[in-house]
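Undergrad: Below, each chain spelled out in residue letters.
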Amino acid sequence: MAKPGTPLFLERGSYRQRRMMDAVKLIAILGAGLWMIPLLWPTAEPGTAQAVSLSQALLYVFGVWWFLIAIAYVLARNIRDMPEQSDETEAM
Amino acid sequence: MASLNVLVAVSLAYVFLLFCVAFAAERAGVQGRAGWLLRSPLVYTLSLSIYCTAWTFYGAVGYAARSGLEYVTIYLGPSLVIVGWWWILRRLVRIGRSYKVTSIADLISSRYGKSNGLAIVVTVMAVIGVTPYIALQLQSVTASLSIFIAAQHGSLAESGDAHAAGLWISVGLALFTVLFGTRNLNVNERQHGVVIAVAVEAVVKLIALLAVGVFVVWGIAGGVSETLARIDASSLGTWQMNGSRWAALTFVSAAAFLCLPRMFQVMIVENDDERYLQIASWAFPLYLMLMSLFVVPIAVIGLDLLPAGSNPDFFVLSLPLSQGQEGLAMLSFLGGFSSATSMVIVATLALSTMVSNHVVMPIFLYLRQGGATQSGDVRNVVILSRRLSVLAIIGFGYIYYRASGGSGALAAIGLISFAGVAQFLPAMLGGIFWRGATRAGAFVGLGVGFSVWVFTMLLPSFGPGAALSVDTFANGLFGLGWLRPQALFGIPGLDPTVHAIFWSLLLNGVSFVLVSLMTFPQPLERLQGAQFVNVFDHSGQTRGWQASVAESEDLMIMAQRILGAREAQRLFQAEAQRQGRGDYLPEPTADFLQRLERELASSVGGATAHAMISQIVGGSAVSVQDLLAVADESAQMLEYSSQLEAKSRELSQTAAKLRHANAKLMQLSDQKDAFLSQISHELRTPMTSIRAFSEILRDTDGLGPLEKTKYANIIHVEAIRLTRLLDDLLDLSVLENGQVTLNQQSGSLVDVLDQAVATAEASEARSIAIKRRRLEETVTLHTDLDRLSQVFINLITNAQKYCGSDTPELQIVVQRAGDSILVDFIDNGSGIPVASREVMFEKFSRIGAEDAAGAGLGLAICREIMTRLGGNVNYLDGTGGTAFRVTVPGRQALAAQ
Numbered sequence: 001m002a003k004p005g006t007p008l009f010l011e012r013g014s015y016r017q018r019r020m021m022d023a024v025k026l027i028a029i030l031g032a033g034l035w036m037i038p039l040l041w042p043t044a045e046p047g048t049a050q051a052v053s054l055s056q057a058l059l060y061v062f063g064v065w066w067f068l069i070a071i072a073y074v075l076a077r078n079i080r081d082m083p084e085q086s087d088e089t090e091a092m
Numbered sequence: 093m094a095s096l097n098v099l100v101a102v103s104l105a106y107v108f109l110l111f112c113v114a115f116a117a118e119r120a121g122v123q124g125r126a127g128w129l130l131r132s133p134l135v136y137t138l139s140l141s142i143y144c145t146a147w148t149f150y151g152a153v154g155y156a157a158r159s160g161l162e163y164v165t166i167y168l169g170p171s172l173v174i175v176g177w178w179w180i181l182r183r184l185v186r187i188g189r190s191y192k193v194t195s196i197a198d199l200i201s202s203r204y205g206k207s208n209g210l211a212i213v214v215t216v217m218a219v220i221g222v223t224p225y226i227a228l229q230l231q232s233v234t235a236s237l238s239i240f241i242a243a244q245h246g247s248l249a250e251s252g253d254a255h256a257a258g259l260w261i262s263v264g265l266a267l268f269t270v271l272f273g274t275r276n277l278n279v280n281e282r283q284h285g286v287v288i289a290v291a292v293e294a295v296v297k298l299i300a301l302l303a304v305g306v307f308v309v310w311g312i313a314g315g316v317s318e319t320l321a322r323i324d325a326s327s328l329g330t331w332q333m334n335g336s337r338w339a340a341l342t343f344v345s346a347a348a349f350l351c352l353p354r355m356f357q358v359m360i361v362e363n364d365d366e367r368y369l370q371i372a373s374w375a376f377p378l379y380l381m382l383m384s385l386f387v388v389p390i391a392v393i394g395l396d397l398l399p400a401g402s403n404p405d406f407f408v409l410s411l412p413l414s415q416g417q418e419g420l421a422m423l424s425f426l427g428g429f430s431s432a433t434s435m436v437i438v439a440t441l442a443l444s445t446m447v448s449n450h451v452v453m454p455i456f457l458y459l460r461q462g463g464a465t466q467s468g469d470v471r472n473v474v475i476l477s478r479r480l481s482v483l484a485i486i487g488f489g490y491i492y493y494r495a496s497g498g499s500g501a502l503a504a505i506g507l508i509s510f511a512g513v514a515q516f517l518p519a520m521l522g523g524i525f526w527r528g529a530t531r532a533g534a535f536v537g538l539g540v541g542f543s544v545w546v547f548t549m550l551l552p553s554f555g556p557g558a559a560l561s562v563d564t565f566a567n568g569l570f571g572l573g574w575l576r577p578q579a580l581f582g583i584p585g586l587d588p589t590v591h592a593i594f595w596s597l598l599l600n601g602v603s604f605v606l607v608s609l610m611t612f613p614q615p616l617e618r619l620q621g622a623q624f625v626n627v628f629d630h631s632g633q634t635r636g637w638q639a640s641v642a643e644s645e646d647l648m649i650m651a652q653r654i655l656g657a658r659e660a661q662r663l664f665q666a667e668a669q670r671q672g673r674g675d676y677l678p679e680p681t682a683d684f685l686q687r688l689e690r691e692l693a694s695s696v697g698g699a700t701a702h703a704m705i706s707q708i709v710g711g712s713a714v715s716v717q718d719l720l721a722v723a724d725e726s727a728q729m730l731e732y733s734s735q736l737e738a739k740s741r742e743l744s745q746t747a748a749k750l751r752h753a754n755a756k757l758m759q760l761s762d763q764k765d766a767f768l769s770q771i772s773h774e775l776r777t778p779m780t781s782i783r784a785f786s787e788i789l790r791d792t793d794g795l796g797p798l799e800k801t802k803y804a805n806i807i808h809v810e811a812i813r814l815t816r817l818l819d820d821l822l823d824l825s826v827l828e829n830g831q832v833t834l835n836q837q838s839g840s841l842v843d844v845l846d847q848a849v850a851t852a853e854a855s856e857a858r859s860i861a862i863k864r865r866r867l868e869e870t871v872t873l874h875t876d877l878d879r880l881s882q883v884f885i886n887l888i889t890n891a892q893k894y895c896g897s898d899t900p901e902l903q904i905v906v907q908r909a910g911d912s913i914l915v916d917f918i919d920n921g922s923g924i925p926v927a928s929r930e931v932m933f934e935k936f937s938r939i940g941a942e943d944a945a946g947a948g949l950g951l952a953i954c955r956e957i958m959t960r961l962g963g964n965v966n967y968l969d970g971t972g973g974t975a976f977r978v979t980v981p982g983r984q985a986l987a988a989q
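Residue numbers (the working numbering), protein chains in the order written: chain C, 1 to 92; chain X, 93 to 989.
Extracted from the complex, chain X is given alone in its bound form (with noise of 0.2 Å):
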């Protein structure tokens, strides 16, 4: 027929058109042209597109055909990830960047302390789990093809010519993989030419599905209420939900959408910017609500038209044809083509860097022990067990598919996939969120699930008595009754997909925590564990490598054949220059030992990379000692910070009190100075009369008596002040220089404050009535009562002096305030200025100049005599006169008692 020749040759045209556009992107890539288009958020998320393949465009319909609205699951599980890719993605979208992770067995392999061993089993694991999915896609390939066979035949087509068209799309998807998947070695490159023919084919078979299901919806139900009816109105008309299904489809396929392989490699592997999954994250689910909108309606008009009996998975290209549109029906070819070729090739992709990184290269440098230094480019070897993997992994997916036979519905199959490939969702997030999980936890969690998974979902998916007997199914493992696949421990009833998920993923769960919690990690387990967990805290480097021992050279070599001449020696001699040593090789510091490794990473993984670092530094790199180094480091960090801000404090306190110890200076020497001055003064008034009259005396002749009497009385009066102020300057500064010896003794207050009465009385002529009150003064003390009768009598002479008073009257108040006793004297008289108060106790301040007798040292010997004493004296406000208080310290009081 025409119509299967145009097929033929539009799916050719197709291919040809992918192989132009993938060729186009590469050299627009390596140029550097069209950056703004192969790195924009909108090819991301349309790479992401690769979680819709065939099953989803042709085995979603068939789903909703036999379980109504439960397809809907597998792309909730995602769009709820992808919204909330804050919690995962983003913390997953970081380690993958910082580390240059390249595969999921890389990420989980290098957080438990780049142990290749894990990588393997994640490798194998991951190879089992998608294997089958691999293989459902070129089913759903030739099964398309030949629907359309029998369209036009009225026959379905032999299965040889199947089986033919099968391995010829194999073929071709080996080819184009190859061709445009393994061109580079680093994996965080991104492969344009597959980027670019991803994206272009996410947009083919969202134009496909749409347009099938507005062709529906518009086109043969009439319209969106009609297609809301008929469907209300078919055999799926209502809600029937097995509600645990519901939410463990759910759950499952969230946890495939981080694990898958494939979707590893688009999402984290090659995202080039964390803003992407911003866009992403309303753009994807965006995408998933298009794909599985028209689902349902496709469904149930496919049954009302089609003859029963028709496969339901194909509903999206038999119900075109049957209406005639060819070609539409051709356009949904291409959709479901597309689908399925995307995901083939970008999951083989991420497999064949799996196993050639884990565990083809690590044989091949067992097998050349010591060789990394040899010259030779293993560049070639990478590149070659890469495309020799995508070969195998293609190889087994055709050997599975026609093994198989192509029976099964789709769905179970591609459930199977996933539930294989959430066994290592324990092991992902305890490593990026909890630091006590091991790598012993996370190979029995791995091991415990997948046998789980095994045992009850892939075995028994082949039907009793093919994989497992009939007598497993009935009676159990060995005849052991809880050992029965679909009904674990004794607990039948549970739908066989929710029983396998729930079961493996728990005991997986469990055993990976229980274990955890049991082991004790290596070193460089905790130190990776410790990085990956606190990746947005410091993604600074680890230190790992005592390189004294590596040889530059070596490490040169051994870059060369990895990185290629060109990029090692640019790597080296940016690590030179950084060094400052020009054009010699760099020294192998631990830092550049970590930087090459992770360069070396994202071209053979991480545990790789390690392995042949090592082989040349030799030995373990990583000591409990450089661990605790590296978490010191932070620790020191912060304490040096705070010990800075203390001393920062402290230097600033040290300021205040230098600039506060400055003006007291500065105060002091103003101080020195007037006091030099007024001293001079004070010294140079009786001088000056003292001269002149004795000049007088010698000089005049013919003075009487009488006059010489005179000048002689007023020699000596000026010579009684002047030892009187020589007497008060020797007393304030032997008092000031703390050389005055005290002289203590035992006394009542009463009879100190009687001897400085009298003596004041005696001493001025103008008195002043003086208020007692006796029995309050009977306190016996113990100071230097001389010293402090010295005091009295100098308060009490200062109030005979200066209380303006008419008729003056002091009051000599005495309390007591705690162990203190205080004496207060209160004159009647105009009290002190406020400006005046702070100075009066100062040497030379005077309090009016009306008297000029005093040299205004009486208050500050009294201050200086209180002081040493221990006790104070001040002025007293609010009581109407001049008043002065007293305190004399209790101890000496008390001691007296």
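Chain C with its partners taken away, still in its complex shape (with noise of 0.2 Å):
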């Protein structure tokens, strides 16, 4: 619910900053889930051949790993010039 008093809409500028907050936010969940799939990844036992090789893995990580520093360092630039608000506004 919007506060009484608050805009329930935005203009384009605001509303793009919006959206890059919103992607902040959704960063972090993007890396866990990135990061947890190796939990799927078959272990290597006797006889299977089809374990992911360790080189394999560390390129993985390493990769998500440069994917959120880059998304991180774009979505920081975009709103350095971010007013100072209140995070609970809901306008859209």
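Please note that the accuracy of each hint is not assured.
Computed footprint of chain X on chain C, listed as stretches where at least three residues anywhere in the stretch have a Cβ under 8 Å from a Cβ of chain X [what the hints assert, rightly or not]:
| hint | segment |
| --- | --- |
| 1 | 12-25 |
| 2 | 30-42 |
Label-pair restraints from in silico Cβ distances [claimed, not checked]:
| hint | chain 1 | residue 1 | chain 2 | residue 2 | range |
| --- | --- | --- | --- | --- | --- |
| 3 | C | V74 | X | Q415 | 38 to 46 Å |
| 4 | C | Y15 | X | D911 | 54 to 62 Å |
| 5 | C | G63 | X | A325 | 58 to 66 Å |
| 6 | C | L39 | X | G209 | 40 to 48 Å |
| 7 | C | I37 | X | A101 | 45 to 53 Å |
| 8 | C | L39 | X | R131 | 36 to 44 Å |
Just so you know, these hints were derived from the structure itself, not from any lab.
Quick reminder that beta carbons are idealized off the backbone N, C-alpha and C, glycines included.
Mind docking these for me? Both chains are given alone in their own frames, and the hints should help you get the complex.
TA: Structure, rendered in structure tokens:
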């Protein structure tokens, strides 16, 4: 519920800012999800050939890391000039 | 060996350099120079890097050599926390800055009603949890030193030498911390020397680890693809992961990142600007990623090249040594040394703040009860207690290191510490997100979590038979099978670390929530809870103190003792200025007391500051009434603004009404003027002819009888016209004033119409054919029939007079519409122009000037009469001729039936 007195809709610039903030909120969840994917991988058991090799695992984990850093960098640049505001206002 | 001496010399030079840098930064900070560097997001991010201790620097490689990729979870958790800074860190930083929080113990105690008991519990838990970690740092430095020595002498050094080295390192660290870490009493003011030294060390350890990594990948293995191939070919070559460990360690590292006292210190307490978090949100994960990038290659190559049985914890050091790269090894040693020392310095600082604010100061105040107003500088006491705490904590670490004998893998000790401090998580997160969290809940949650942690993780870590008997391991505490330290509730098979983390945090969280749900918080707790949880809504002040009893002078004396004379005077003068009291002491208003408490809190912690003020103010600071008042305040604001809104709406409505009324009045005034001029004209015309003809009759001799009769007749006609006009005016004025008395009687519409038609035909010369349907007219009415008849007569004579047709014809149609009766008078004339329709019911309005006989009052009278009768008369459009509709209200009609 929007509080009385807060606008229900925003103009384009502020709207973009809000969506950037949404992205900031979601990126950690995305990262957690990506880093929990290795739990699904087959583990090395004697006689099975399809276990993921350590180098592949390494590349995956660090790839996700780079990816998150890049997104965080882009988002941080975009919301740098963000005006001070309450996070509980729900205007769209 | 020269090399060892070189190492010692380089180390000493490095330490000397750090002292110089710290000293220079301290000087610059005091003089207000170099603020761009001292307060930059870069330095903030680098200071976060104390997360990477010697455990990271040495232990990660050892960890990787033992368990493959699992080591990386320790860095994934913090990366997620800081990338998702919006969720938790932003809130923590805002709370920390708004309420001048000095440590995690201060945060938790402030949130739960400034409870010093809670602060002591958190402090003790933190000391117990972190001491092994400090010992770990000492151990890693001495061990790395002994590896150097072993490489030179071919054998391990005497353990006495290592212990001596450990002692000297401890002394050096204590000296540094005391010198640069306890200069300011105000914890929120950065300790510039320490911060810069930590930042320099962060750079050194990163460069050192990257240098070793680059050397291993390109120097030994010969490139990236070769390295990857060697990784796959090694014994670690495939993905072997216990899923529960992967998830649990990621989680516990994230929790520890938030809860570790040293992380809290650099991340929350020393944060200057919330926007630094945005920079750190990508820069710190980058740092962590770089720190862990070369860990696996170093581990794999180390396992390959070094003799079996060498300690993988020190591959970072022994690998370059074995390759004869002494310079690189030295850099690596400095990196490890940096990691260890920066962690010890900051952790000790954070802990000493907690110990002195929450343990020493309350005891000191208690011992000198009522002495808060005594003169004398308490700052010395605070600083002294902080310095002693530093020495004590480093001493504890050293004793632990000596007692544990430097055993155990680095990673295991680090994890124990992480899980210990992670027990703060439920109380902390609950405190900042959930208003229902209570002090009792926090106490119980922390107690339960900590007990379970001690029982399942800390004590078993010493090995079976050491702290817990073998029998306890096998059969449970007191022989109770469900109390086995590594299989609680009879669920075996879990990894011991996961087991401990899972059960301690689960039981911690559950008991915290349950007790919070069942207990009722005290007023101050509720107040603080609302403030912390809603920190973004109103960073306003807590109103708390009923200050009338407080003496400004006592407050001044006390503030001087904590803040120092100059600072306190500045604060009091500013407040006096604000209150407009000039050079006098300010009134101790609730506002001022609140601000003063916050200033004090930044030096001695929230609970102690609260206690000190309450010593002077006396009694409980908050009542339920105050609490409700605070809650009401915002509600009142809302209500007030909505009232204002309503009022302004009402005002604009009233203004519109007034404008309307004004316009109407203007119109009425115009009408009155028009009426007056009209009426004088109407009266003047007959009067003029009467006067003229009567003068002729009087003055002219010799008038014939025919002429006399003619003139007298004219006078007579004009007099009649005048009388009629006056009658009409009188009639209208009576009607308009509402003084008319209606003569209610019952009768048939047919009779009324008959009478009206007869009268109209008798009075006018011109005849008109009238068409009626008498059957429809048989309606019984109960109204003033004479008046209604007057209206009908008027309409019929109008038709007779003004119908322009050659064969004039009037149709009278009666119909029912709901309860009302509609009587339409429709002639076959030319109708009335649209422009005239607006005004034809006004007084003296005449359509067309050709006939001057009427005064233009007829229709006005009709309308007035019908309004009095509760009906209406209006012009009817679209009939082809002139048509009027008389609406006789149904009440009268119905009443007659």
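Undergrad: Does the Cβ pair L39/C, G209/X satisfy 40 to 48 Å?
TA: 41 Å, holds
Undergrad: Just tell me: holds or violated, for the beta carbon distance of G63/C and A325/X against 58 to 66 Å?
TA: Violated, at about 22 Å.
Undergrad: Counting residues of the segment 30-42 of chain C that have a beta-carbon nearer than 8 Å to any beta-carbon of chain X, does the count reach 3?
TA: It holds: at least three residues are needed, and the segment 30-42 of chain C offers 8 whose Cβ sits within less than 8 Å of chain X.
Undergrad: Using the Cβ atoms, figure out if Y15/C sits within 54 to 62 Å of D911/X.
TA: Cβ of Y15/C to Cβ of D911/X: about 57 Å, so the range 54 to 62 Å holds.
Undergrad: Using the Cβ atoms, figure out if V74/C sits within 38 to 46 Å of Q415/X.
TA: 41 Å, holds
Undergrad: Between the beta carbons of I37/C and A101/X, is the distance compatible with 45 to 53 Å?
TA: 50 Å, holds
Undergrad: Closer than 8 Å, Cβ to Cβ, for at least three residues: run that test on the segment 12-25 of chain C against chain X and report holds or violated.
TA: holds (count 3)
Undergrad: Is 36 to 44 Å respected by the C-beta to C-beta distance linking L39/C and R131/X?
TA: 42 Å, holds
This entry does not satisfy hint 5, going by the numbered hints stated previously; all others are met.
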